[in-house]
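Engineer: Listed below, chain by chain, are the residues.
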Amino acid sequence: MLKKTLIAASAISLSAFALTACGGDSDADSKGGDSDGKITMGFAQVGAESGWRTANTKSIQETAEAEGIDLKFTDAQGKQENQIQAIRSYIQQKVDVIAFSPVVETGWDAVLQEAKAANIPVILTDRAVDSEDTSLYKSFLGSDFVVEGERAGDWLVENAADSDTNGDGKVNVVQLEGTTGAAPAIDRAEGFAEKIAADPTIEVTASQTGDFTRDGGKQVMESFLQSDDTIDVVYAHNDDMGLGAIEAIEAAGKKPGEDIKIITVDAVKDGMTALSEGKINFIVECNPLLGPQLMDLAKKVVDGEEVEARVLTEEGTFTPEQAKEVLADRQY
Amino acid sequence: MPESPTLVQRVVRHQLMWPVLALVALLVVNVVATPTFFNIRMQDGHLYGNLVDIVRNSAPVMLVALGMTLVIATRGIDLSVGAIAAIAAAVACTRIVGAADEGAATTAIMACTYALVVCLLLGAWNGFLVSVLGIQPIIATLILMVAGRGISMAITDGQITTVNNSWFSDLASGFVLTLPLAFLVAVGVFLLTALLTRRTALGMLIEAVGINPEASRLAGVRSRTIIWTVYAFAGLCAGIAGLVIAANTNSVNANSLGLWIELDAILAVVIGGTSLAGGRFSLTGTFIGALFIATLARTIPNIGIPSELNYLFKAVVVIAVCLLQSPKARAVFRSRRGGPTVPTGPAAPVPAKAGSVA
Numbered sequence: 003m004l005k006k007t008l009i010a011a012s013a014i015s016l017s018a019f020a021l022t023a024c025g026g027d028s029d030a031d032s033k034g035g036d037s038d039g040k041i042t043m044g045f046a047q048v049g050a051e052s053g054w055r056t057a058n059t060k061s062i063q064e065t066a067e068a069e070g071i072d073l074k075f076t077d078a079q080g081k082q083e084n085q086i087q088a089i090r091s092y093i094q095q096k097v098d099v100i101a102f103s104p105v106v107e108t109g110w111d112a113v114l115q116e117a118k119a120a121n122i123p124v125i126l127t128d129r130a131v132d133s134e135d136t137s138l139y140k141s142f143l144g145s146d147f148v149v150e151g152e153r154a155g156d157w158l159v160e161n162a163a164d165s166d167t168n169g170d171g172k173v174n175v176v177q178l179e180g181t182t183g184a185a186p187a188i189d190r191a192e193g194f195a196e197k198i199a200a201d202p203t204i205e206v207t208a209s210q211t212g213d214f215t216r217d218g219g220k221q222v223m224e225s226f227l228q229s230d231d232t233i234d235v236v237y238a239h240n241d242d243m244g245l246g247a248i249e250a251i252e253a254a255g256k257k258p259g260e261d262i263k264i265i266t267v268d269a270v271k272d273g274m275t276a277l278s279e280g281k282i283n284f285i286v287e288c289n290p291l292l293g294p295q296l297m298d299l300a301k302k303v304v305d306g307e308e309v310e311a312r313v314l315t316e317e318g319t320f321t322p323e324q325a326k327e328v329l330a331d332r333q334y
Numbered sequence: 055m056p057e058s059p060t061l062v063q064r065v066v067r068h069q070l071m072w073p074v075l076a077l078v079a080l081l082v083v084n085v086v087a088t089p090t091f092f093n094i095r096m097q098d099g100h101l102y103g104n105l106v107d108i109v110r111n112s113a114p115v116m117l118v119a120l121g122m123t124l125v126i127a128t129r130g131i132d133l134s135v136g137a138i139a140a141i142a143a144a145v146a147c148t149r150i151v152g153a154a155d156e157g158a159a160t161t162a163i164m165a166c167t168y169a170l171v172v173c174l175l176l177g178a179w180n181g182f183l184v185s186v187l188g189i190q191p192i193i194a195t196l197i198l199m200v201a202g203r204g205i206s207m208a209i210t211d212g213q214i215t216t217v218n219n220s221w222f223s224d225l226a227s228g229f230v231l232t233l234p235l236a237f238l239v240a241v242g243v244f245l246l247t248a249l250l251t252r253r254t255a256l257g258m259l260i261e262a263v264g265i266n267p268e269a270s271r272l273a274g275v276r277s278r279t280i281i282w283t284v285y286a287f288a289g290l291c292a293g294i295a296g297l298v299i300a301a302n303t304n305s306v307n308a309n310s311l312g313l314w315i316e317l318d319a320i321l322a323v324v325i326g327g328t329s330l331a332g333g334r335f336s337l338t339g340t341f342i343g344a345l346f347i348a349t350l351a352r353t354i355p356n357i358g359i360p361s362e363l364n365y366l367f368k369a370v371v372v373i374a375v376c377l378l379q380s381p382k383a384r385a386v387f388r389s390r391r392g393g394p395t396v397p398t399g400p401a402a403p404v405p406a407k408a409g410s411v412a
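From first to last, the protein sequence lines are chains A and B. Going left to right, the first sequence walks through residues 3 to 334 as our numbering numbers them. Going left to right, the second sequence walks through residues 55 to 412 as our numbering numbers them.
Derived by calculation from the structure, the hints in this document are not laboratory data. Backbone N, C-alpha and C define an ideal beta-carbon position, used for all residues, glycine too. Check the hints yourself; a few may be wrong.
[Unchecked claim] Cβ-Cβ distance ranges computed for the label pairs, FRET-style:
{"id": "1", "chain 1": "B", "residue 1": "Ser380", "chain 2": "A", "residue 2": "Asn161", "range": "29 to 39 Å"}
{"id": "2", "chain 1": "A", "residue 1": "Arg312", "chain 2": "B", "residue 2": "Leu377", "range": "49 to 59 Å"}
{"id": "3", "chain 1": "A", "residue 1": "Gly280", "chain 2": "B", "residue 2": "Asp224", "range": "21 to 31 Å"}
{"id": "4", "chain 1": "B", "residue 1": "Thr90", "chain 2": "A", "residue 2": "Gly109", "range": "18 to 28 Å"}
{"id": "5", "chain 1": "A", "residue 1": "Gln79", "chain 2": "B", "residue 2": "Leu250", "range": "32 to 42 Å"}
{"id": "6", "chain 1": "A", "residue 1": "Glu192", "chain 2": "B", "residue 2": "Arg388", "range": "46 to 56 Å"}
[What the hints assert, rightly or not] Over the 10 Å line for every Cβ pair with chain A, so calculated as not near, a few chain B residues:
{"id": "7", "residue": "Val74"}
{"id": "8", "residue": "Leu81"}
{"id": "9", "residue": "Val83"}
{"id": "10", "residue": "Tyr102"}
{"id": "11", "residue": "Gly103"}
{"id": "12", "residue": "Ala201"}
{"id": "13", "residue": "Gln213"}
{"id": "14", "residue": "Ile214"}
{"id": "15", "residue": "Leu238"}
{"id": "16", "residue": "Leu245"}
{"id": "17", "residue": "Val275"}
{"id": "18", "residue": "Ala351"}
{"id": "19", "residue": "Arg352"}
{"id": "20", "residue": "Ile354"}
Chain A extracted, bound-state conformation:
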């Protein structure tokens, strides 16, 4: 049994090696590289775990095509080892620039050293790596989740009087957290907490993870509604949990957006639709359409220009009125 497993495992790894080797060979022949002036980019995506991610992938692929950049794209299906393998094959293929969204924060030093030794610049998108050696990558392009939380907090402080829906002089907030330990969940909670501290009437009375899913958000919200009659505001770390909360609030016989105000982060299409219907009151955008900014960065890096080590994605916030305007041509 063990022997069989070993044989199977080595067969698989051999074939994988053969595949990468083939890829390397064929590319060494075909690649015009810098000679024809066309930039070749290797992009290792996390996976296709959400609508946000799919929009992210689409944006990168479409912009690369429009800008005439030769994009080599791999989907790591949420596994770090797949991503490392993809980056290694990009190094072998001698691409001009490597970009990737790291699945996890740690364990990248070795493969990034290899890229550095091969003189291939690396750009991180959307998620950071936790490494002391910042020379391993040229730039990190992505959202600042703390700022997103701050924007949500700012809105609540500005609209505190309106948000006290039951008029008891206190704004009781329940928070639907993202996946425990995930950077967006930690940072969005932190930024929000910092800003609402400015107003003593605002208080987070309960906080629980809804795992970034609608089902999770709905079940947690159901429980909050049962144990507390005085909830004024829901702050959800993403649109999906907010959408789940809307269903729970409706089932409790209350009106989402009026009896209980809802603030979320992301601005995906379903969330924007609910916002335009007034069921959500405020959405902080987390923009997945990094394509144009990424290609711009890549060109500069390949040309040897200096770039900022940290580039923020362009994003804003939406009120119901703004949502109505942009909803028609929303891509994701």
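Add chain B to chain A, keeping to what the hints say.
Structural biologist: Using the frame of chain A, we list chain B on its own:
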């Protein structure tokens, strides 16, 4: 002294004593934390309260666990139920969205029927691998557990598909006679399963296959057909569960829908007193086990356990319940405290035997 056991002793020795006790204990913890926990009021013509939410939210796990109980009784296991649930939801939702009349009742019924047929076939595929090809159940169903999620993602293009069909939505959020429809569906499947296995010889045949497939085959039991049937049934149950979960949020997220529900279902079966070694099974135990899992899920936000301690809390509770149920652990615990309080028989686990109550 009379030799026949008193009523108290009969209750204490009943196999469902411990799961029921665990459920009651958990409910007491909730009432202590929130005195209004048991409050139920009428809201828009249906019952509304924590207990109503719990029975409604228990439906998916209960459905999956019912199928799982029969599979486990044949000494098998089905890891693919979560993926099958995701496929059912993906198939139904994409069909509803693609239909000419998205909001019609017939659209919802056709889409759900179609999805359940697919699940029946997937379950039969598992049964084929196990009974005909003789692959170990854990491996055979692992294939679909991994591949199934890929299939459901392919069906939905990796996107969260949202549906607008009030009939479909009612499957999870609707109420019949003031009771949640989802729970009634689960209870219906429970009663039907109990009827089929306990009022016919089917239950005994399943147990016979679980205790010794070879002996039962030699005794004339068509064990291959039995095994095939229970996996197909588990697939069907998982399909219904998937539809309920999708209807709950009017959407399907192929990534997260039904994720790890197989583990919750196995837990519900084990808490209910069915042995993973196959043979004797208890559908009522599974029913209580599923209610326990749903109550546990509600307990975490209700008593305000911090998010990072969720899993630890769950683990501690589950370990405690499993220890309570183990006759050996109870015997050790009693002897430590000095002297048994209840006269006990042999402390060894009861050997699997056929023909227990439903």
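Engineer: Work down the list of hints and note, for each, if the structure agrees.
Structural biologist: For each hint, the structure was consulted:
no. : hint                              : result
1   : B:Ser380 <-> A:Asn161: 29 to 39 Å : violated, 56 Å
2   : A:Arg312 <-> B:Leu377: 49 to 59 Å : holds, 51 Å
3   : A:Gly280 <-> B:Asp224: 21 to 31 Å : holds, 24 Å
4   : B:Thr90 <-> A:Gly109: 18 to 28 Å  : violated, 48 Å
5   : A:Gln79 <-> B:Leu250: 32 to 42 Å  : holds, 40 Å
6   : A:Glu192 <-> B:Arg388: 46 to 56 Å : holds, 50 Å
7   : Val74                             : holds, 23 Å
8   : Leu81                             : holds, 14 Å
9   : Val83                             : holds, 13 Å
10  : Tyr102                            : violated, 7 Å
11  : Gly103                            : violated, 7 Å
12  : Ala201                            : holds, 13 Å
13  : Gln213                            : violated, 5 Å
14  : Ile214                            : violated, 5 Å
15  : Leu238                            : holds, 17 Å
16  : Leu245                            : holds, 26 Å
17  : Val275                            : holds, 29 Å
18  : Ala351                            : violated, 7 Å
19  : Arg352                            : violated, 6 Å
20  : Ile354                            : violated, 7 Å
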